[in-house]
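Enquirer: So you can see what is in the structure, the chains are spelled out below.
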Amino acid sequence: MVEGQIPIEEYKTGNTEHKWDLKKIKFAHRTLFSHKYKKRDISRGFANKTLYVNLSKKEIKEKKVTEDMKKKFTGGRGFGLKLLWDSIKPSTRWNSDENELIVSTGPLCGVTQYPGSGKSLCLTISPSTDIICDSNVGGFFGPYLKFAGFDALEIQGKAKDDVVIVIDGEKEEVSIETAPLEETNSHLLSEQLTNLYASEDTDQARQKVSIVSAGKGAENSYWGCLNFSFYDIRRKVCRMKQAGRGGLGSVLRNKKIKAIVVKVKDFDGVSNNPANPDKLAEVGTKLHKEIRDLDRYQCNMRAVGTVHLVEIMDEYDLLPTENYRFGCFPKAPKIYSPEFYKLFTKVIPDGCWHGCTMACAKTVDGFTVMTGPYKGQKVTVDGPEYETCGCGANMSLWDPLWILEFNFYCDTYGLDTISTGTAIAFYMEMYEYGILNKKRCDGLELCFGNAIAALELVHRIAKGDKGEFLSIAGKGIRRVKDWLIDKGWGDKQLIEDCGMESKGLEYSEYVTKESLAMQGGYGLTLKGPQHDEAWLIFMDMVNNAIPTFEDKAEALHYFPMWRTWFGLNGLCKLPWNDVEPANNAETDDPSKVPEHVQNYVEYQNAVTGWNIEKEELILQSERCYNWQRAMNVWMGRGRRKDDWIPYRSMGPVTEMEYKSREERYDKQLIEKLKLSKKELEKKNIKEKIKILYEFRQDQYQKLADAVYFRRGWTPNGVPTPQKMKQLGLDDKKMLDMLKEKINEDEKAGLNVWGGKYTKGEKPPSIHKRYWEKW
Amino acid sequence: MDKAKTVKILKFYPEKCKGCLECEKACSNIHFKTDEGKEKSAIRIIKENKKFTMSVCNQCGLCIDMCPVGALTRKKNGIVWLDVNKCIGCQACVGFCPIETMRKSEARIEPFKCISCGACVRACPENALELVEEEIDELKKIVYYKQGA
Numbered sequence: 001m002v003e004g005q006i007p008i009e010e011y012k013t014g015n016t017e018h019k020w021d022l023k024k025i026k027f028a029h030r031t032l033f034s035h036k037y038k039k040r041d042i043s044r045g046f047a048n049k050t051l052y053v054n055l056s057k058k059e060i061k062e063k064k065v066t067e068d069m070k071k072k073f074t075g076g077r078g079f080g081l082k083l084l085w086d087s088i089k090p091s092t093r094w095n096s097d098e099n100e101l102i103v104s105t106g107p108l109c110g111v112t113q114y115p116g117s118g119k120s121l122c123l124t125i126s127p128s129t130d131i132i133c134d135s136n137v138g139g140f141f142g143p144y145l146k147f148a149g150f151d152a153l154e155i156q157g158k159a160k161d162d163v164v165i166v167i168d169g170e171k172e173e174v175s176i177e178t179a180p181l182e183e184t185n186s187h188l189l190s191e192q193l194t195n196l197y198a199s200e201d202t203d204q205a206r207q208k209v210s211i212v213s214a215g216k217g218a219e220n221s222y223w224g225c226l227n228f229s230f231y232d233i234r235r236k237v238c239r240m241k242q243a244g245r246g247g248l249g250s251v252l253r254n255k256k257i258k259a260i261v262v263k264v265k266d267f268d269g270v271s272n273n274p275a276n277p278d279k280l281a282e283v284g285t286k287l288h289k290e291i292r293d294l295d296r297y298q299c300n301m302r303a304v305g306t307v308h309l310v311e312i313m314d315e316y317d318l319l320p321t322e323n324y325r326f327g328c329f330p331k332a333p334k335i336y337s338p339e340f341y342k343l344f345t346k347v348i349p350d351g352c353w354h355g356c357t358m359a360c361a362k363t364v365d366g367f368t369v370m371t372g373p374y375k376g377q378k379v380t381v382d383g384p385e386y387e388t389c390g391c392g393a394n395m396s397l398w399d400p401l402w403i404l405e406f407n408f409y410c411d412t413y414g415l416d417t418i419s420t421g422t423a424i425a426f427y428m429e430m431y432e433y434g435i436l437n438k439k440r441c442d443g444l445e446l447c448f449g450n451a452i453a454a455l456e457l458v459h460r461i462a463k464g465d466k467g468e469f470l471s472i473a474g475k476g477i478r479r480v481k482d483w484l485i486d487k488g489w490g491d492k493q494l495i496e497d498c499g500m501e502s503k504g505l506e507y508s509e510y511v512t513k514e515s516l517a518m519q520g521g522y523g524l525t526l527k528g529p530q531h532d533e534a535w536l537i538f539m540d541m542v543n544n545a546i547p548t549f550e551d552k553a554e555a556l557h558y559f560p561m562w563r564t565w566f567g568l569n570g571l572c573k574l575p576w577n578d579v580e581p582a583n584n585a586e587t588d589d590p591s592k593v594p595e596h597v598q599n600y601v602e603y604q605n606a607v608t609g610w611n612i613e614k615e616e617l618i619l620q621s622e623r624c625y626n627w628q629r630a631m632n633v634w635m636g637r638g639r640r641k642d643d644w645i646p647y648r649s650m651g652p653v654t655e656m657e658y659k660s661r662e663e664r665y666d667k668q669l670i671e672k673l674k675l676s677k678k679e680l681e682k683k684n685i686k687e688k689i690k691i692l693y694e695f696r697q698d699q700y701q702k703l704a705d706a707v708y709f710r711r712g713w714t715p716n717g718v719p720t721p722q723k724m725k726q727l728g729l730d731d732k733k734m735l736d737m738l739k740e741k742i743n744e745d746e747k748a749g750l751n752v753w754g755g756k757y758t759k760g761e762k763p764p765s766i767h768k769r770y771w772e773k774w
Numbered sequence: 001m002d003k004a005k006t007v008k009i010l011k012f013y014p015e016k017c018k019g020c021l022e023c024e025k026a027c028s029n030i031h032f033k034t035d036e037g038k039e040k041s042a043i044r045i046i047k048e049n050k051k052f053t054m055s056v057c058n059q060c061g062l063c064i065d066m067c068p069v070g071a072l073t074r075k076k077n078g079i080v081w082l083d084v085n086k087c088i089g090c091q092a093c094v095g096f097c098p099i100e101t102m103r104k105s106e107a108r109i110e111p112f113k114c115i116s117c118g119a120c121v122r123a124c125p126e127n128a129l130e131l132v133e134e135e136i137d138e139l140k141k142i143v144y145y146k147q148g149a
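Line order of the protein sequences matches chains U and E. Note that the numbering used here has the first sequence beginning at 1, numbered continuously upward. Note that the numbering used here has the second sequence beginning at 1, numbered continuously upward.
A couple of the hints might just be wrong.
So the derived list for chain E, only partly shown, Cβ under 10 Å to chain U, looks like this [claimed, not checked]:
(1) Lys50
(2) Met54
(3) Ile64
(4) Pro68
(5) Gly70
(6) Lys86
(7) Cys87
(8) Cys90
(9) Pro98
(10) Glu100
(11) Arg108
(12) Ile109
(13) Ala119
If you're looking for bench data, these hints aren't it; they were derived computationally from the structure. Even glycine gets a Cβ: it sits at the ideal position worked out from N, Cα and C.
Whenever a hint applies, use it, and build me the whole structure from the sequences.
Expert: Dropping the structure here:
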């Protein structure tokens, strides 16, 4: 931090400067329709109104937030689920007119005293999965949306031509304007719109504007992310955070929305009008001090952000390398955090919302772009974060500069780095096996480590290349699997096992082969394989703290519920366990970080004036979690078959993988499958792989059995009406639907356990329709 | 812009102090127009084992880096100044102050701090306080060393 105390006026990024004819751009705008509203004071974290925009019907209205809605759905993602339930049909798909894009805030969103309190929750029906995808994101948009008067924004319908939606908290007006002349790619568009809508030509005024956008890549793929801007007064740059997963940006562009702009008049530390601001300051300051004293000895977030994970994952064989074939690699030290620390600009603070002293949002300023339309220009790259580095490892790119290049273009094109990277890694593996080749890849030589080809793929997708491969490649692994199988190229089983997707969504960047619980953490999820529901690898694999199926099921109940809670409130998960109190290890349950859980109890009470205990936090989540699963069931998914995961995430698919960890796998065959050494010696690798394959598949099904039972679901993974009623969810349409689906499953013979239980083993319940007794 | 090279900071002579806390009263008067002192005062005199110690901002300026909205700046006279109108009350400066002298009172969400105005010096009947000139670079060195730089 030696670069400290750079006066705000003096810091220079060295980026290429752009001169825009803003008057001309603005003059080209035509207001299509608008709506005046009256902003009321926020009361204890709630604006008590949501904003509804229908682009097809040219309608804008305000919806009331009822007390019942708060009681059942809390806020944030919960509100999003409620709004979707009221608006879509089970047949709604990502590009249906009635599909909605929702940006929601939560009662604690916009608080400045507690680190990590500026998250927006975005929901839509995903192009990748055909079910709800929720994604959380930093940046100023969420807090400003609330301070402009709305707990959530709900957009339905589609515009005819590119529009911007402007929520002006200063004029108290929402307007839909055509936007023909702006750039589409986010790093330029955010800059243009921030300058266009700032009240004055000052950094302070620019800091009061936030833009949501997605670039050309989002238009032409299913990997579209949403870029949420936050103006950095030190760098004088519109920085961006991404709602990455599930193609939210593709939905934005499908609706012909170029950007959403929000602007606030002013705000301060008590704009949420918390019930108890002193308590809030007390709890927040306590955490600031903890971060001050401990972060540099724990995660070092303030210096390098989430990149500190690269070396840890590499050490524990968890860093996905060459499409998850391996968990570590000799070249990995080239992308360890010290290498990125050298490149990061050390200007603090780096929080993506005010008051976040965890400050994990790092940048590289003045980065010289090496390829594509911005080649030669100097830009600010936000990141990379761990996941993006993991993608680098997965594609076998071991140069920090190429990871930055990949990061920059994915961001500005509005592409999710995770889906893009994981998918390219799969294409590269298929290329290695000859299932894909240069001809089949529209001229791209997609071998592992070919950074130029990887970037070229990204550029061509963003350009809307109509090549047979490129038009399917941007739709992700699931579609490419179907395409390859349809073409008859390669072995179907190999293709299914290698492609790291579940439910149609690409995996995030952890190797889960040796952690059964984490396989569940990816597979037994709502939206697909993302680690935001649970991260249990150390608890399971390293510390062996959850050895039985029941233990794992308990963890796969508690942690997904706990982590869901952040999304209901507009919070970031990181300050919960990426810094821990000094005495955390001595507490009853260190993995839960009890002191921080208590902070959150006090925090939510201090804002809302509620008087809840920690158990209620889990209940708040359970309501929404079950609601979302029920909606998945309603849309035809959310069953055991949909919780399928590829074998690459469970164990060694290929002989090379087995050989690379032969000792480990042989040992397991002896210890877990009771093979004698003699028997083992007689078997060739193919046979050993097969034995392990069947064993691990069965383990996963047994895990699913235990988890479904613990969560109060049927053996086919459907939330039971009895469970819903226990949670206080009494929506008749929902309960009737669940009854009907469970009966359908019953007739189809699907209400049975998935594991093969032998002597001495028991399924979670021996009673048929056990839930009816609850 | 001319940058300040030195700044006046408070020096305390504990042997002279009798613990009357006139300094705290004068300070809370400056910040909150009240004689309450204590948590409304930027300077605090603490009695420990019959000895007095002073806790007050040394104008090191680490907090300037912490402020997300640029509300903390170093003024021409070298002091670190919090602009209450810009401040959004996040308490980052309070939490990260290495000597915990950025203060927060219940009177408002925005913190407050010593601005070397000298009110406490003038109020002290025992001449136990004095404003002395220090090199800013020296102050910074100490704090950044402590922060692990």
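Enquirer: Flag every earlier hint the structure violates by its number, smallest first.
Expert: Of the numbered hints given earlier, those the structure breaks are 1, 2 and 13, listed in rising order.
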